[in-house]
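Based on the hints, put chain S with the ligands in the right spot on chain Y.
Sequence order for the protein chains is Y and S. Per my numbering, the very first residue in the first sequence carries number 1; after that it's consecutive. Per my numbering, the very first residue in the second sequence carries number 260; after that it's consecutive.
In case anyone wonders, no lab produced these hints; they're calculated from the structure. Even glycine gets a Cβ: it sits at the ideal position worked out from N, Cα and C. Keep in mind that a hint or two might mislead.
Claimed, not checked - Straight-line distance between alpha carbons at most 30 angstroms, and here's what the computed DSS-like set of lysine-lysine pairs gives: (1) Lys100(Y) <-> Lys117(Y); (2) Lys668(S) <-> Lys150(Y); (3) Lys573(S) <-> Lys83(Y); (4) Lys668(S) <-> Lys573(S); (5) Lys202(Y) <-> Lys100(Y); (6) Lys83(Y) <-> Lys668(S); (7) Lys146(Y) <-> Lys572(S); (8) Lys117(Y) <-> Lys567(S); (9) Lys150(Y) <-> Lys567(S); (10) Lys150(Y) <-> Lys193(Y); (11) Lys573(S) <-> Lys477(S); (12) Lys15(Y) <-> Lys83(Y); (13) Lys146(Y) <-> Lys125(Y); (14) Lys567(S) <-> Lys106(Y); (15) Lys125(Y) <-> Lys572(S).
Claimed, not checked - Stretches of chain S that chain Y covers, calculated by requiring three or more beta carbons in the stretch to come under 8 angstroms of a beta carbon on chain Y: (16) 514–523; (17) 558–567.
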Amino acid sequence: MSDKKAEPYIKFRCKDVRVHYGQNEALHGIDIEIPDNGVTAFIGPSGCGKSTFLRVFNRMNDTIEGARVSGSILMDGEDIYDKNLDPVLLRARVGMVFQKPNPFPKSIYDNVAYGPKIHGLTTSKAEMDHLVEKSLKRAGLWAEVKDRLKSPGTGLSGGQQQRLVIARAIAVSPEVILMDEPASALDPIATAKLEALIDELKERYCIVIVTHSMAQAARISDKTAFFHMGDLVEFGPTEMIFTNPGNSRTQDYITGRTG
Amino acid sequence: MNSIVAYILMLLIISVIAGFAFNFTAAQKRITLYKGVDVKSERVYHSQSGYHGYLTAWLIGISGFLIFLGGLFLRPDTGGLIFNTVWIGVLILTAASITYLCNQRIRPEFRARTHVERLVIGALIVLSAIAVFTTLGIILSLLFESLRFFDKVPFTEFLFGTQWSPQMALRADQAGQSGSFGAVPIFAGTFLIMLIAMAIAGPIGLMIAVYLSEYASKRVRAYVKPAIEILAGIPTVVYGFFALLTVGPTIRNLAEGFGFSVPTQSAISAGVVMGVMIIPLISSLSDDVINSVPQNLRDGSYALGATKSETMKKVIFAGALPGIIGAFLLAISRAIGETMIVVMAAGRAANLTGNPFEAVTTVTVQIVALLTGDQEFDSPKTLAAFALGLVLFVITLILNVIALTIVRKYRERYD
Ligand SMILES: Nc1ncnc2c1ncn2[C@@H]1O[C@H](COP(=O)(O)OP(=O)(O)OP(=O)(O)O)[C@@H](O)[C@H]1O
Ligand SMILES: [Mg+2]
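Same shape as in the complex, but just chain Y (with noise of 0.2 angstroms):
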């Protein structure tokens, strides 16, 4: 798709994109342009509306009463925030994969069939096993539990439930995947886990993820943005944030001056 010499591909252009929640304006009009195939960072401190951004992509936002989005956010072209276009829909292609591990009272298996059941990804229950030993597999879970795939998926523990819920949201192949905070509930050793699939992943999904860590972003994104109370201070290759920050409160943030 995308030719690494030639101008990577944009899977999402934004402009001049606010939030409010009630009459409390959170992002002051952001602009950025996040690239397909490649792990994008979300840094900064507490409070500064990582989150609220990311719930932009997957209009989660709709979802919060009182939150109003505003500004222009195509994917690949096209207004996700278009009247005609169902969220429900969007939502399918672009999954989420949130801080605390939330699989649902089922079981290993339903959890992940859960959304290509709904979506009608499969036709008979055969093509339905594949799916989820694929998804499984390609989260890095299959070898732990293909034994007991009819056991509660809240029986595991917080690192594999986490790669359940990454399992669940391939399942349904979206193009991209959120993360916010994935690692915040695991130990190091579930952590190292975790982000050697988000390496793997790129490869075929656009992934945007939001982190506390700053080792952490350095080790896997391929760009980071960096956000301060409601506005995008700083975007660009992780390397040159991370090396050489143009910004000074950047500069402070990333070595533990402020935030």
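Just chain S with the ligands now, with coordinates in the frame of chain Y:
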């Protein structure tokens, strides 16, 4: 004559307050002095001044109450000035000596707080023991009276007999009426009405809960929820005459329009009204359960592209089901134990029928019928009420235990 009781109680309260105030201030003074003497020993008094006061108050309260009870018990019928004087004297003397003794103990090493805490715990234990023993007493008396009943009527006849006509011969020379105590028609009637009530309240209550917790805006919820809960506050006797005077005749007239004849008192009118009565029970319990399903499960489902109703049906119900079952069981046990509506609206005929348009009778109705009017206390007719009560109690107890276990298990799952 009874004014002495009031005086004694007043005196008791006054001495408790006085004892507290006296030793509280004394302790305060001593602690302040102590601090002044030795600046380093700022907190060497084990207990703060309040606890010295509380200890005095508790001790006076307990012993004073015992003196009060003892006096009531020993008091001669004629009362008497001497007795009253001694009574008051003992009380005052006890209060004074307790205050004095406690005052002597206001020292740094005295653990007044520990003692107060022990007394409080002891009082709580005694109070809960009273509640437990009262319940136990009721159960035991149910059990013993039932056993007396089963002396006269075989257990199997009671449980499996299909004929219920508890009229006994009033005089020994009256012949022909021996009474029969087969409780099956009564349980069948109870069950039938419960089914009708649940068929109404189950779906409606659940729909209300779903609407309120997932679809209603905050404003609507703020009005609708209390409005529904008003239903729960209507006295059951009002439901009863509503069933008898409004619902019953309406059903009868409707049925006549179709060419049936239905009595005014029928299983269906009692069941429908009872259903309305338990709607708020089901809706507010289910609403709580649905609300306690964590928001992040909903988010997870929406983020996969599920609609609201898909999320409701497939995720939230899966999580809330045990709690909803618990709510239903509680509602069933409420329906079975409900008395007033069925007394007024269901009739008294012990028909063994599955037809909701006939009059039936329930366990609670029969208990009322057996015990109202002039009764001989040890005839099988009266004792049968205890047997029915026992069965009713056992059934609702089992239902409640199951329901509460399910609800608790469910609660633990998410926190
Ligand atoms: N549901 C909401 N209702 C009202 N205000 C909200 C809501 N969610 C977020 N906000 C506000 O929007 C601003 C941005 O919040 P957001 O959650 O996006 O921050 P964040 O960068 O993700 O912080 P963190 O790193 O702590 O997760 C905050 O000021 C917050 O108070
Ligand atoms: Mg956040």
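Next on the checklist: Run through the hints listed earlier and report the numbers of any the structure violates, in increasing order.
Outcome noted: 6, 16
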